[in-house]
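In the numbering used here, the protein residues as written are -16 to 446.
I should point out that these hints are in silico values taken from the structure, not numbers from a laboratory. There are no misleading hints in this set.
Derived DSS-like pairs: lysine-lysine, alpha-carbon spacing no greater than 27 Å straight-line:
#1 K(-10) x K56
#2 K0 x K(-15)
#3 K31 x K15
#4 K93 x K104
#5 K0 x K(-10)
#6 K72 x K(-6)
Ranges of calculated distance between the beta carbons of each label pair, as one might list FRET restraints:
#7 D391 x M267: 36 to 44 Å
#8 S290 x D111: 14 to 22 Å
#9 P224 x D193: 41 to 49 Å
Glycine residues also receive a C-beta, built at the ideal position from the N, C-alpha and C atoms.
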Amino acid sequence: MKVRFYKTFSKRKNSTKQISSESYDEIDLVLKEMTSIETPVFLLTGDKFDYNYCYISDWGRYYFVGDISSSAKGLSQISLIEDDLASHKTEIGNTVAQVVFSSSGYDTWKVDHRLATKVTKTITSSSDTPGVFNGTGCFLLTVINDKSYSGMTSQYVVDEANLRNLANTLFTNAGLKQELKEYCNAPFDAILSCKWLPFSASETPGFGLDTIYLGITPTTSQGRLLSSPAVRSSSVTLSIPWTYNDFRRSEPFTTLNAWLPGYGYVTLSASDLLNGSSIKFDFMCDFGTGDICCNIIDAVSGDIFQSISYNVAVEVPVSNITLDIPGIVNNTTEMLGNAANTALNIGSSNIAGAISGGFSTASAGIGLALAANKRVMSVKGSVGGRATIAEGIDVELYCFSLNTENPDAASYIARWGRPVGITHAISNHSGYVQCDGASVDGAMFDAERDTINAYLNSGFYYE
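Let the hints inform the model, and build the full structure from the sequences given.
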């Protein structure tokens, strides 16, 4: 029986790698005693053997040299351990099994729960400003007159300068006293509401500047008369700032948040968008109410993933005097100063100052003045605000990604492979392979089969 011994052959224990062109010493042996085919022991003459691997063609099996023991009589005992994976490589390659992980033929979109994951995150973002939004904003003035399509009330979109001019007209016009005697057409009675909107007045769709009328009284201020429903569309498309390009785009590895002007953060489904590259934020803005509907759309497929409706109008209180008309003019000066303060604060985007500071002072001043003359004052509208506007008018898209071990690294793929999840012949793969429920089929000893199955299901190298 001829046995080939190798001195420098290198391989992993859990590998099907076989000898190719390595040099060897071939020794012709005669078995004189019983020995195991799986763990044979040979007694050779000589004491200078440094072998580490061998192949016995008569048995068709490969072996690791487990131990070499020398005696004083010039004899050496060589103990071998069968290399089951190399001996039955063909049978292993033909085995059909569910391949769970492999260094080849893997699917990067299948989840790999083996990854070491940190609690720290990488944050990336993209942003842009919808054309309709403006930090300075504009004012929506609702008054009683016959200029609109309803013939009863009209709405004007007014910028800061025209609102300031209107305030000056109301409080300083020399003919105001005479006008106020016309109870049905008192200018204050004609003002129904005033709201601040975070929109650009010039973006008011389809309407030019008109003189503002209070009742039948013209003013020197101008605004854009909304003679029909005024809805403006505005959109931005943002690239999704993905950190990863595999299954880690989905939760819980990645979360997506969008900041909408005047609303705040919205959580988006990363799983729904993982194949996407950009998101379109389509705003429909109603200048007559401050209502906004934002559709969040996959920019490539056009699918709507989310629809958000909200209102961004900020009430600007308007004074309404109801008793003792002749006494009003006597207190106009103090009212003017405080009301002008309110308009200026709002016009300069200091909404919080206008409402919590300027107008509270104005209310106190008016209250004191009217109390002295036993008059009654009411406030139209509510003191409210949208703090999110102060945070900016950009649409911002944030990608929060948990930091993980890099599964794209060559060292990771070579050692652990990546998910496959396909049932087919093992020979479709190379490198690291791990199966689930695999059982090799072939002519072999039962102990060999058990050893091979254990390797196939715990991970081995098919090479």
